[in-house]
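Top line first, the protein sequences correspond to chains F and P.
According to this note's numbering, the first sequence is numbered sequentially starting from 1.
According to this note's numbering, the second sequence is numbered sequentially starting from 1.
Rather than coming from a laboratory, the hints here were simulated on the basis of the structure.
Some chain P residues well away from chain F (every beta-carbon gap over 10 Å; in silico):
#1 G74
#2 H85
#3 I104
#4 K148
#5 R188
#6 T237
Estimated spans, in silico, between C-beta atoms of each pair:
#7 F:T140 to P:L43: 17 to 23 Å
#8 P:P196 to F:W35: 52 to 58 Å
#9 P:T158 to F:T112: 34 to 40 Å
#10 P:T214 to F:R328: 57 to 63 Å
For each residue, glycine too, the CB sits at the ideal point set by N, CA and C.
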Amino acid sequence: MDFPKINRTVVVAGIFFVIIAFKGTEPILVVPAGWPKPAYDVAKNPLTTAGVALGRQLFYDPLLSSDTTISCASCHLQATGFAHVDHQLSHGIFGRIGKRNAPGLMNLAWSTSFMWDGGVNHLDMQPINPITSPDEMNETMGNVVKKLNNSPKYRKLFNQAFGDSLVTGQKVLLSLSQFVLTLQSYNARYDRYVRKEPGADLTIQELNGHRIFRLHCNTCHTEPLFTNHGFANNGLPVDTGLMDIGRMSITQKPSDSLKFKVPTLRNIQFTFPYMHDGRFKKLLDVVNHYTNGIQSSNTLDRQLQQPIVLTHEEKIDLVAFLRTLTDRDFLFDPRFSFPRE
Amino acid sequence: MRCLLSAILVVVTFCGFTPQQKPGLGSVTLAIDLRFSGEPLVLGRYLCHSAHQDSLSIDVWRFYISAVEFKNNGVVRFTESNSYHLVDAELSNSQTFVIHGVPIGDYDAICFNIGTDSLTNVSGAMGGDLDPTLGMYWAWNTGYINCKIEGRSNACKTLHHAFEFHLGGYMPPNQTVRKLQLPVEHLRVVEDSTAPLRITSDLFSFFSHIRLDTTNKVMIPSRVAAQLADNFAKTFTVQ
Numbered sequence: 001m002d003f004p005k006i007n008r009t010v011v012v013a014g015i016f017f018v019i020i021a022f023k024g025t026e027p028i029l030v031v032p033a034g035w036p037k038p039a040y041d042v043a044k045n046p047l048t049t050a051g052v053a054l055g056r057q058l059f060y061d062p063l064l065s066s067d068t069t070i071s072c073a074s075c076h077l078q079a080t081g082f083a084h085v086d087h088q089l090s091h092g093i094f095g096r097i098g099k100r101n102a103p104g105l106m107n108l109a110w111s112t113s114f115m116w117d118g119g120v121n122h123l124d125m126q127p128i129n130p131i132t133s134p135d136e137m138n139e140t141m142g143n144v145v146k147k148l149n150n151s152p153k154y155r156k157l158f159n160q161a162f163g164d165s166l167v168t169g170q171k172v173l174l175s176l177s178q179f180v181l182t183l184q185s186y187n188a189r190y191d192r193y194v195r196k197e198p199g200a201d202l203t204i205q206e207l208n209g210h211r212i213f214r215l216h217c218n219t220c221h222t223e224p225l226f227t228n229h230g231f232a233n234n235g236l237p238v239d240t241g242l243m244d245i246g247r248m249s250i251t252q253k254p255s256d257s258l259k260f261k262v263p264t265l266r267n268i269q270f271t272f273p274y275m276h277d278g279r280f281k282k283l284l285d286v287v288n289h290y291t292n293g294i295q296s297s298n299t300l301d302r303q304l305q306q307p308i309v310l311t312h313e314e315k316i317d318l319v320a321f322l323r324t325l326t327d328r329d330f331l332f333d334p335r336f337s338f339p340r341e
Numbered sequence: 001m002r003c004l005l006s007a008i009l010v011v012v013t014f015c016g017f018t019p020q021q022k023p024g025l026g027s028v029t030l031a032i033d034l035r036f037s038g039e040p041l042v043l044g045r046y047l048c049h050s051a052h053q054d055s056l057s058i059d060v061w062r063f064y065i066s067a068v069e070f071k072n073n074g075v076v077r078f079t080e081s082n083s084y085h086l087v088d089a090e091l092s093n094s095q096t097f098v099i100h101g102v103p104i105g106d107y108d109a110i111c112f113n114i115g116t117d118s119l120t121n122v123s124g125a126m127g128g129d130l131d132p133t134l135g136m137y138w139a140w141n142t143g144y145i146n147c148k149i150e151g152r153s154n155a156c157k158t159l160h161h162a163f164e165f166h167l168g169g170y171m172p173p174n175q176t177v178r179k180l181q182l183p184v185e186h187l188r189v190v191e192d193s194t195a196p197l198r199i200t201s202d203l204f205s206f207f208s209h210i211r212l213d214t215t216n217k218v219m220i221p222s223r224v225a226a227q228l229a230d231n232f233a234k235t236f237t238v239q
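Put together the whole structure using the sequences plus the hints.
Set out below in structure tokens:
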């Protein structure tokens, strides 16, 4: 392959940068070239080795639930992009079923709101939801803090992370943020292709899928994060069993009825099932929904008012492109896995 | 040895109780007097009567006072930094707090927010009185509960005759933070001394403005929550 010299320099610099980021003394938030400014202000919660390690312990610890059976990782598994694979609706303690599909966790520093309805305005505050939801971990924040304060192991970890062994709600949330902020995915084949790394070409089929993607999907699933962080009604027929009105339950505006957060498509190959209620098992089911399943309503997204027409071959190409968003470095990074002592 | 320890103890105690003030500065001790119909509030006791002749009891009453300022002749002379105070009817020590670093001089007004401003509500995990473990934070629709009033009344046709008012919401048009300015008389701050200031909140008027048979559960940011926040703000007076 013949690469212009400037690109080689960028690639080398980029690799060097990543090495510095991970071999250095403290973890940092990596802002890949061409990405926008993160929404999360790490200056207010600087990542530290001890802080991230504490957050990782908490993420994998079922102590956060009322009967110590459910951890964050119960519904957010690394191998599937931190989504809840094979479950349409995620389940919590006593086998209780929640009302939505647990989304994948990645590149959260760029997210401007959290939960499918965007009811949470800051990454720090998001864990309060699963911890206190009766269908998920069914615990109180006060009791989590009490249990952690009673644990010599955690007293030590909090002391290492914050210079004070007293556990508070603020410290629990800040350390969880620190860990999930490190869950960054930017080394998919797509990324290597965009960075013009040697040997990182996409196939003709994938390139055609990329062209189709930019034509029909990119307005909402905007590169490079593959989401515009907005809310949209994507024409899903309402599940009359769930009667989930989405964003409107937060804003109470009829104009937000049936709108849900636009999720990222990174690692989408592994974060099945799809949609807020996990109704689609396969990527092709999702594509078929956009071509043939759109149900019209007052709040249907403008982009979907005109039918999307794709041949079967084009659909296959589009799915092939979506698979290039799979980041194996991320899915198998040992720094993100269950912390063995 | 024992003398030395005693001396250290005295010094530590002294430092602990009189924080070092810079020259020209004093402090104000703000006491929040929680009342119902002029009487000191007793939680859980069925003694209170609203204007509608309903008997009711208050079981929980907690609210934030934030952004405390002192004014003279219409000019803000002092703004407390990191000014967040959670007042809880159950905890008498939360009802009195000292505001340090107030420049010496005379003041004719106090300003403060009842509740927390919108910036506080979008700033992530905070500590101290803003720690989300304190039960004054909403998980599913993020934001602080600015005021929580819970209790029971025979007027409520609800389970256990309970009423619950969780007043919060920072987004327009239903913001629930209320800025108050109350005139004060004879507030003179003297160097190295603390000036007492007593503020009363009397829930009688709050319950006079609502019918508990129809309004007894407010748990989300809404127009009703904003109206109740207006009512709650009117319960504050300086004695």
